[in-house]
Every structure is written in structure tokens, then in C-alpha cells.
Amino acid sequence: MMGQTAVAVKADNFYHQSTNKYSGILSWLLTIDHKRIGLMYMVSIIFFFLVGVIVGVLMRLELMAPGKTIVDAQTYNALFTLHGVIMIFLFIIPGLPAIFGNFFLPIQIGARDVAFPRLNLLSYYLYVIGAVLALLSLVLPGGPIDTGWTFYIPYSVRSTTNISLPLLAAFILGFSSILTGLNFITTVHRLRAPGMGFFKMPLFVWATYATAWVQIIATPVVGITILLVIIERLFGVGIFDPALGGDPILFQHMFWIYSHPAVYIMILPAMGVVSEIIPTFSRRTIFGYTAIAMSSLAIAFVGYLVWAHHMFTSGMSDTARWIFSLLTFLVALPSGVKVFNWVATMYKGSIDPQPPFLWVMAFIFLFSIGGLTGLVLGALATDVHVHDTYFVVAHFHFVMFGGTGTIFFAALHYWFPKMFGRMYNVKFARISVATFFIGFMLLYFPKFIMGYMGMPRRYYDYLPQFANLQMISTIGSWILSGTIFFIVGYLLHALFKGPKAPSNPWGGVTLEWHIQSPPIMENFKTIPTITHEPYDFSQLKEMKNA
Amino acid sequence: MQHENPKHKHHHPGYGTYILVWLALLAFTSITVTIAGVNLGRYTLFVALLIAAIKSSLVVNIFMHIKFEEKIFKVFLALSGMTLVVIFALTFFDFIYR
Ligand code: HEM
Ligand SMILES: [Cu+2]
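As you go down the protein sequences, you meet chains A and B in turn. Position 520 of the first sequence, counted from 1, bears residue number 520 in the numbering used here, the numbering being contiguous throughout. Counting the second sequence from 1 gives a position; the numbering used here is that position plus 1000.
The shape of chain B in the complex, shown without the other chains (with noise of 0.2 Å):
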């Protein structure tokens, strides 16, 4: 895809941003384990998830490079995204609830 646009710039990050956004990954993912340990009563699962979205969004955006892409792309995944937060909106009416 990226050939067939010709004003599409070809930007990769370094080396460096990739070992940062590592490093970031690791740090967040001993938060989670410490945060486990934790008790932050009905809040736990909103931290957890929290901490989880962070995550993602780097590795979507630095690792599978979508920051650098076409808006096209951005937009599809938005879209599937909040297909998801929908989702999860929607299950809580149940857990909460129960």
C-alpha cells in the first residue's frame, strides 16, 4: 500500500524509540503485577484496563507503525475500537450489575 502513494512519507522511528517503548511496555506491565496486589475495590478492573489500553496504543501505534500511516487506516481502527468499548460498556450491565 504504502508504494502506491507517492507523497506518503516514509517515516520509522529509531532504534532508541523502540527500545524506549520496550522499557515502557516492561514498566506498566510490573505495574499491573503490583497493582494487583493492591485492593482498590471497584476500581480494580478500570485500572487493570486502563493500564492495558496504554499499552496497546503503543504498540498499535509505535510497533505495527500505524501512527505513520494514512488517515484510512487510522480511521478503520478507531471505528473497530470503539466497537470494542462499546462491547466492554456493554458487559458491565452485567457484572456491575449482577
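Chain A with its partners taken away, still in its complex shape (with noise of 0.2 Å):
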């Protein structure tokens, strides 16, 4: 199949044009052209993973025995609030928005740029801004922040660790978020090419759309939170803390009043990529396209009303305890409705395991066990026994990581061919796909059964009944991080030396699928003018012809 469409590449592509009048490095750092916006994000983003996932090594060695092993309980502390704040603020919420929303969002909507690439630039650069300082923050005085990636008040204002610098740091990539929605939700309105209603859009756009508009409304609901802790550090101000009159529980509703709708900033753009991938590897339409569109804004919306989820023991009143908790299990309707519709879609369709759909069912395997077991979670009664244990940690990583971090791979592999122009080597990965799944299972389905017998998350050591769990956790770390420097390393062979991929491998659909690989500045050399459905796959035969 690869090859037949093949259009040799040209050597006028956006890498070659710039839209600024320097060269060289300064028309990529100066650049307002939503691709290489999109690129400059995807090198930032990868770094701050792959420091996140050593930092998790880090962490997995010092666990691999009870007692101390290679760091103290302190220097623990300091890592998995590094790794937290790392692997959320700087990896899984921008990640597919910044990376692949910048690069391909405009261009499935046949537009060519989004509405303010100036914008986008500032985005980026508040990124920039907000990593330096959050990294800054580590090396002054004072030590590493050790609250958690939560940054629970009282300790918050209480710790002596550098806690003002970090906190501003999320504030500012907080602002970087909306700018990017706000950017993104703009687009969408303004800039469809003829023909692209709203009901013709590619599902991924439906996605980034609707979590655009979460990314706008619950962004400064974090900035605020996060200026009051510094106000109250600063100045004594009581409003949070018991000991000056605040209310701390108060400091977990705001917190979670965006960080659970974060939980959809990630996922939601994660969704949107599987509806992309499942109908090109199925060759077969998409089943149900209006309710898989209309469930992304469901979920947007109802991703609103269910924080207080995770302040089941906190001591907040009896009756927001049973609405919370009958909320939290409405929002699994919708995504219900979302995987069913995927593997309907699958059904009799003519499938393709190519590397980007394997992806995708590691994801449907792994993402199911996170919702399942936050259902768990969402209960009650059992969230008493469970809460603060390893089962919490097992959760998150099966949704964040299983869910959008397997979803990012997918992308990564699907949309290779289009940004660089290049294939990789298709059996590394495939391979890559199993070692990852086992890695992946080794590593964290054993903090599901500490946690359940009662293994308390953020500890760094633990009772001697836990030590053969551990270990086998531990290995599973090396196995899964090893799979990810091996990802990086033949993608990286790849851009150099992999062989020229035609414009559609994959005999895809969407717009992308018909310019050329890589796309040439501001894409399209004549607007397109949208006739078919999207995911109309007799299109294929006239794409060939052309």
C-alpha cells in the first residue's frame, strides 16, 4: 500500500519557507506559522516528558526495597511533586492541543493559519516562561517544592520549600492554556474553509473545540486559586488556613473546580485523535458522528459539575458527598457512548494494524481499566478505603498515561509521515506497542492490589509485605522507560534517515491526507472547497487519480 500515492516531496515545504526575513534558527524562534509553532511545542514537550519519566525511574529505584534505598524521605517528596507537576502542566495538558491542535487543526479545517498566529507565538513563549521558572525554582534557595502537584493548603503556606515561584509558574501556564483555547475556538468559527460546516468538521477538531472552551472557562479558576496561596504566603492573609480563619477545604473546591475539568482538557483532544485513527485503519466511515461531536461537548460540560469527587474524606458535608458522587457517574455516560461508537465503527470494516491503530488498542484496553477503576473511585463508600492509597496512583496513570500518554504515541505515529515528511521503521513499532503494554501492566496494575491492601501513595518506604509487588513495579518502569527512549530514538533516526513517505500512507481522508508531506507555508495552494462528508472513504479513489 505505502508508496502507491507517493508524490515525490518537494523541496518547497513550510521547513524551507519562512515567514519572517531570517533564517536559521530565528525564522523558527520568531516564526508565527502555526506548523512550526506546533514543532518548536513538540521538542519542548518531549523533553519535559522524558525528564518526568526518569524522574519516575528515580522515584521506582527508591522503591524497589524498603528503607532507604537511593534518595531520602525528603529528596522523595521533592520528586513525585517534580514529577507531578511535570508530567500534568508541562506534558499531558498541552501536549495534544499545542502539538498537534497548533499543527493540524487549521489545516483540517482547510484554513491557512489560525486566527491569531501572533498569538500562538505568545503561547508558546509563556510556556517557555512558565517551565523555566517552575525549573528555576528547584535550584534557589529555599529547596524544591514538596507539597504534590495538588499544593494542599495548610502545608502549602506553611512549607519553607520554594513554593511562590512554582505556583506562579503554573499561573502562567495557565495563561498560555487560554490563549491557546481562546486562539483555537476563534479559528473554528472564523476560519472554515467553503463547504465545512460545523457537521463536516473532522472529529478531532470537534474534540480540540470543546476543550478549548474548557480551557477558557476553567484556566482562571486555577489562577485565581493559585494567586490567593501566594497572596496568603506573602502576607499572612487568612483565607485558606484554619489557623488565621480560612477554610482549607474551600482551597480543594477551587482547586478541583479546574483541575477535574483538566482531567478533560486532557482526554477530550486524546478522544478526537482515536476518532481519527479508528475510521482510516477501519477504511470505513465513523459510526455515529453527531453523537461522538455532541458527546465531547457533553462531557465538557458535565466534566464541570463533578469535582468534589476528590474530596470525599476531606470533611465536606454529607449531602455534597451523594451528589458528587451520582454526578461522577453520569460523566461515564457519555464516554461510554464514545467507546461504543469506535468499536462499531471497527466492526466489519477492513482493518489495517498499522503502528498508529495498534496504539490506539492498547489505549481502548488500558483506558477502560482507568475509567472502570475510577468508577471504584467515584463509590462512595469504597473511595473511603481507597482514597490516598496506591489504587488512587494506579488510576491516574492507567487514565492520564494509558489514556492520552498511549494516545500521544498514536499521534505521534500517524501524523510522523505528514510533519516530517519521512517514515519509520514500522516493525520497531510495532514492537514498540507490546513492550510498552507490558511494560505498561508490570509497572502500575501491582500498585492496584498495594493500594488495595493499603499501601498510602506519596511514601517512601513501606511495609515488608509490599516488597515483592514493588519489585515487580520497579521492573516494569525499566521495561516501559526503555520502550520510550527506544520510540524516541528510531522516530529521531527516522527524521534523518527514514525513507520519504508519500502524502497519504495511511489512505486517510481527513484534509491533511490531500496536500502534500510536509505541507508547504499556510498549507493549501488554493482554499479547498469541502463536498464530502469526512470521513467519506470513496474519496480515496479520486485522491489517487489526482
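No lab work stands behind these hints: they were computed from the structure. Don't take each hint at face value.
Below 25 Å or equal to it, Euclidean Cα-Cα: the simulated SDA-like pairs (lysine to any residue) are [stated by the list, open to error]: (1) B:Lys1067 with A:His189; (2) A:Lys544 with A:Pro499; (3) B:Lys1055 with B:Lys1074; (4) B:Lys1071 with A:Phe198; (5) B:Lys1074 with B:Ile1035; (6) B:Lys1055 with B:Leu1045; (7) B:Lys1055 with A:Leu227; (8) B:Lys1074 with B:Phe1088; (9) B:Lys1074 with A:Ile216; (10) A:Lys500 with A:Gln17; (11) A:Lys21 with A:Leu126; (12) B:Lys1071 with A:Ile185; (13) A:Lys500 with A:Val488; (14) B:Lys1074 with A:Phe175; (15) A:Lys200 with B:Lys1071; (16) B:Lys1074 with A:Arg190; (17) B:Lys1074 with A:Ala298; (18) A:Lys68 with A:Leu442; (19) A:Lys427 with A:Leu442; (20) B:Lys1074 with A:Gly223; (21) B:Lys1074 with A:Ala115; (22) B:Lys1074 with A:Ile178; (23) B:Lys1071 with A:Gly197; (24) B:Lys1074 with A:Thr186; (25) B:Lys1071 with A:Phe116; (26) B:Lys1074 with A:Ile185; (27) B:Lys1055 with B:Glu1069; (28) B:Lys1071 with A:Arg190; (29) A:Lys497 with A:Gly24; (30) B:Lys1067 with B:Tyr1018; (31) B:Lys1055 with A:Ile216; (32) B:Lys1055 with B:Ala1024; (33) B:Lys1055 with B:Val1085; (34) A:Lys200 with B:Phe1076; (35) A:Lys497 with A:Ile25; (36) B:Lys1071 with B:Val1085; (37) B:Lys1074 with A:His189; (38) B:Lys1067 with A:Leu182; (39) B:Lys1071 with A:Leu182.
Given the structure is predicted, the values throughout are model-derived calculations rather than measurements.
Put the two chains together into one complex, using the hints given.
Here's what the structure looks like:
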């Protein structure tokens, strides 16, 4: 299949066309091209992801045996905080929208760029500034922040480590996220090509659009919360700290009013990518297009109503506890709609198990485990037992890493030939999915069992009865991190030495597959007029003849 | 955005309106401060929120121009406002029944 549709890759693509008067590095750093900005995000985000992975492996080394192994308790506190902050704020929240949203959202709706290209560049620099401040706080006197990524009051007001600076960093990163959301919403409303009605948009666009709304509406809440903590630290105003007359549960409310919707910022774009990949590799139009599009909006909305399920054991009122438990169970419905539609799409399709599709299979399996164990945590009685144990750690790694993380790799493998015009080693890619899966299960599944047995999270030490399971988990972390570095290795190799990729290696039909790889600056020579439904595979014939 | 829509009327309130709104905001602020000293029991919070809501709607409509904008902006703003109201309501299920 590969190569049939090959169009000679022309030298005139966006890598050779600058949007400003500079060439070389400045033509990147000052670019306003959405594709180049997407790639700059990609470099930064993958860098931080790898740092986060290394910190994770260090924690697993500490936990390899009971007692002190490589670091002391305080360092462990700093490590899990650093790991959490990096993975949440620098990797998983910006990951899919900032890289693949930036690169492909305009192309998929037939636009030349996002609505506000300069604002887009500003978002990128806010991301960089936030990241640098966060790193700076690690080395400044006072010592690295040790509160966990949740910054819970009152500890975050009383801890003597550097708290205000990393909080400020998170605040700035929030603005980066808001501006990206604003840009995407405006782009979708104003820049769709002629004929591209809302219901002809690819589902990745729908998902990114719904995400953008969450970014705009929810992120300011965490911004305010963070500012209040900083004010409380600097001036001793009693907003949250009970010793000063504040209300610590108010902090938890405000924190989770953002941070729960934030999990939908993480997962919705991933669901969008899944809705792209499954039709392409099943050669079949998506089952229930409208249902999937609307369930994105429904998830975005209902996602606002469940935040206090993180607070069942924090001492809030019983009335609030059962109401939020009920609402939590409701939000499972639109997610279920999506899973059933994906499976129905594959039914009787002609499935081509290329690497992106295999990643999606891993996703459906891992994410389902993550989602179903979420119901254990959403139920009041069981949550009391497993709250703040490894069960929670296992759950959120399954949803965030097994969910959005695997789809990050799926998207990378799906769009790599389009972004770089090169093909990677498909065999290596297939093997990686398998070893990723094995490593993942070894690393995190034992945490469900340990959590159920009572192993608390955020501890650098444990009782001897956990030793075997902890060891298995550590071995898993070696397999998993080894796989990740292997993937980075063969992708880097492909980037420079890989064979040239055809413009449509997978037989996709959304707009990005109609243009050359890599695309030209401003994407289209003439803006296309859209006549087909987004996943109408009868187009493939015309595309091949074109 | 305004320039793209020829039908759109460029209505700008004059300085007089701005000053009036400003005075109104000052008045509401002093009411907030005064009322903080009066014991209204369980209604304290609702009264404070009501005044804050009136103040912010003045700011949003006049200073931020939403009153003179296209309908789509109003719809979006109303949606965000509704979300905020729902979030407040849900938080009160904790606060009131504690
Ligand atoms: C090889 C990769 C990874 C390894 C080895 C790893 C390992 C760990 C370990 C050992 C902990 C601490 C558990 C505890 O003591 O409570 C942890 C916490 C955490 N991890 Fe990972 N992890 C990895 C990847 C990820 C990814 C991809 C994400 C997000 C997408 C993530 C998000 C988090 C978060 C949010 C925490 C909680 C931090 C806190 O308690 O404040 N991790 N991880
Ligand atoms: Cu949640």
C-alpha cells in the first residue's frame, strides 16, 4: 500500500519557507506559522516528558526495596512533586492541543493558519517562561517544592520550600493554555473553508474545540486560586489556612473546580485522535458522527459538575458527597457512548493493523481499566478505603498515561509522515507497542493490588509485605522507560535517515492527507471547497488519480 | 471583529455614561462595606453575591462593551455565566449543609 500514492516530496515546504525576514534559528524562534509553532511545542514537550519519565524511574528505584534505597524522604517528596508538576502542567495538558492541535486543526478545516498567529507564538513563550520558572525554583535557596502537584493547604502555606515561584509558573502556564483555547475557538468559528459546516468537521477538530472551551472557562479558576495562595503566603491573609480563620476545604473546591475539568482537557483531544485513527485504519466511516461530536460537548459540560469527588474524605457535607458521587457516575455515560461508537466503527471494517491503530487498541484496553476503576473511586463507600492509596496512583496513571499518553504516541505515529515527510521503521513501532503494554501493566497493575492492601501514596518507604509487588513495579518501569527511549531513538533516526513518506501513507481522507508531506507554508495553494462528509472513503479513488 | 460586519452599529456610550457607571460602582462598594457590619444571618452571603453580580454586570455591559456587541458574544458570555452559577450552587451543597 505504501508508496502507491507517492508524490515526490518537493523542496518547497514549510521547512524551507520562513514567515519572517530571518533564516536559520530565528526563522523558528520568531515564526508565526502554526506548523512551526506546533513543532517547537513538540520539542519542548517531549523534552519535559523525558525528564518526567526519568524522575519517575528514580522514584521507582527508591521504592525497589524497603527502607532508604537511593534518596531520603524529603528528596522523595520533592521528586513526586516535580514528577507530577512536569507530567501534568508541562506534558499532558498542553501535549495534544499545543502540538497536534496547532499543526492539524487549521489544516483539517481548510485554513491557512490559526486566527491569531502572533498570539499563538505568545502562548508558546508563556509556556517556556512557565517551564523555566518552575525549573528555576528547584535550584534556588529554600529547596524544591514538596507539596505534591495538588499544592494542598495548609501545608503549602507553611512549607519552607520554594512554593510561590512554582505556583507563579503554574499561573503563567495557565495563561498559555487559555490563549491557545481562545485561538482555537476563534479559528473554528471564523476560518472554516467554504462548505466546511460544523458537522463536516473532523472529530479531532470537534474534540479540540470542546477542549478549548474548558481551557478558557476553567483555567482562570486555578489562576485565582494560585494567586490567593501566594497572597496568603506573602501577607498572611487568612483565606484558606484555618489557623488564620480561613477554610482549607474552600481551597480544595477551587483547586478541583479547575483540575477536574483539566482531566477533560487531557482526555478529550485524545478521544478526538482516536476518532481519526479508527476510521482510517478500518476503511469505514465513523459510526455515530453526531453522537461522538455531541458527547465531546457533553463531557466538556458535565465535567464541570463532578469536581468534589476528589474530596469525599476531606470533611465536606454529606449532602455534597452523595450529590457529587451521583454526578460522577453520570459523566461515565458520554465516555461510554464514544467507546461503543469506536467499536461499532471497526465492526465489519477492513482493518489494517498499522502502528497508530495498535496504539489505539492499547488505549482502549488501558483506558477502560482506568475508567472502570474510576467508578470504584467515585462510589462513596469504596473510596473511603482506597482514597490516597496506590489504588489512586494506579487509576490516574491508567487514565492519563494509558489514556492520553498512549494516544500521544498514536498521534505521533499517525501524523509523523505528514509532519516530517519521512517514514519510520514500522516493525520497530509494532514491537514498541507490545513492550510498552507489558511494561505498563507490570509497572502499574501491582499498584492497584498494593493500594487495595493499604499502601499509601507519596511514601518513600513501606512494610515488608509489599516488597515483591514493589519490585515487579520497578521492573515494569525499566521496560516502559526503555521502550520510550527506544521510540524516541527510532523516530529521531527516521527524521534524518528514514525513507521519504508519500503524501497519504495510511489512506486517510481528512484534509491533511490531501496535501503534500510536509505541507507548504499556509498549507493550501488554493483553499479547498468541501463537498464530502469528513470520513467518506469513496474519495480515496479520486485522491489517487489526482 | 467589528470591522468585518458592516451591519454592526458602532455605538459607544459617552463619558457621561462612564462616569455615572463609575459612581454607581462606588455606591455599591460602599453598600457592600456597610452591609458587612449588619448581621443578616444566613442571607449575608447571598446579599454580598447579589451586589457583586450587579456590579460585574455593569462592568461587563458598559466598560467591556458587551451590551453593544453581536449576539454570539452574548450567548457565549451567558453560557460561561451559567457555568459559574452552577459551580456556585454546587459548592453551596457543601457549605450550607456542613
Ligand atoms: C515511566 C513513566 C512513569 C513512571 C515510572 C511513574 C512513576 C510514578 C511514581 C512512582 C509516582 C509516585 C507514587 C507515590 O509515591 O505516590 C508517580 C506519581 C505521579 N505520576 Fe507518574 N510515572 C510515570 C509516568 C507518568 C505520566 C506519563 C504521568 C502523566 C501523564 C504521570 C503523572 C503522575 C502524577 C500526577 C503523580 C502524582 C504526583 C503527586 O503525588 O503529587 N506519571 N508516578
Ligand atoms: Cu476528577
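We went through each hint and held it up to the structure:
no.	hint	result
1	B:Lys1067 with A:His189	holds, 21 Å
2	A:Lys544 with A:Pro499	holds, 20 Å
3	B:Lys1055 with B:Lys1074	holds, 17 Å
4	B:Lys1071 with A:Phe198	holds, 19 Å
5	B:Lys1074 with B:Ile1035	violated, 32 Å
6	B:Lys1055 with B:Leu1045	holds, 15 Å
7	B:Lys1055 with A:Leu227	holds, 22 Å
8	B:Lys1074 with B:Phe1088	holds, 21 Å
9	B:Lys1074 with A:Ile216	holds, 16 Å
10	A:Lys500 with A:Gln17	holds, 19 Å
11	A:Lys21 with A:Leu126	holds, 23 Å
12	B:Lys1071 with A:Ile185	holds, 16 Å
13	A:Lys500 with A:Val488	holds, 19 Å
14	B:Lys1074 with A:Phe175	holds, 23 Å
15	A:Lys200 with B:Lys1071	holds, 24 Å
16	B:Lys1074 with A:Arg190	holds, 17 Å
17	B:Lys1074 with A:Ala298	holds, 21 Å
18	A:Lys68 with A:Leu442	holds, 23 Å
19	A:Lys427 with A:Leu442	holds, 23 Å
20	B:Lys1074 with A:Gly223	holds, 24 Å
21	B:Lys1074 with A:Ala115	holds, 20 Å
22	B:Lys1074 with A:Ile178	holds, 19 Å
23	B:Lys1071 with A:Gly197	holds, 20 Å
24	B:Lys1074 with A:Thr186	holds, 15 Å
25	B:Lys1071 with A:Phe116	holds, 22 Å
26	B:Lys1074 with A:Ile185	holds, 15 Å
27	B:Lys1055 with B:Glu1069	holds, 19 Å
28	B:Lys1071 with A:Arg190	holds, 15 Å
29	A:Lys497 with A:Gly24	holds, 21 Å
30	B:Lys1067 with B:Tyr1018	holds, 14 Å
31	B:Lys1055 with A:Ile216	holds, 22 Å
32	B:Lys1055 with B:Ala1024	holds, 8 Å
33	B:Lys1055 with B:Val1085	holds, 16 Å
34	A:Lys200 with B:Phe1076	holds, 22 Å
35	A:Lys497 with A:Ile25	holds, 22 Å
36	B:Lys1071 with B:Val1085	holds, 21 Å
37	B:Lys1074 with A:His189	holds, 15 Å
38	B:Lys1067 with A:Leu182	holds, 21 Å
39	B:Lys1071 with A:Leu182	holds, 18 Å
Comparing the model with each earlier hint shows a violation of hint 5 alone; every other hint is respected.
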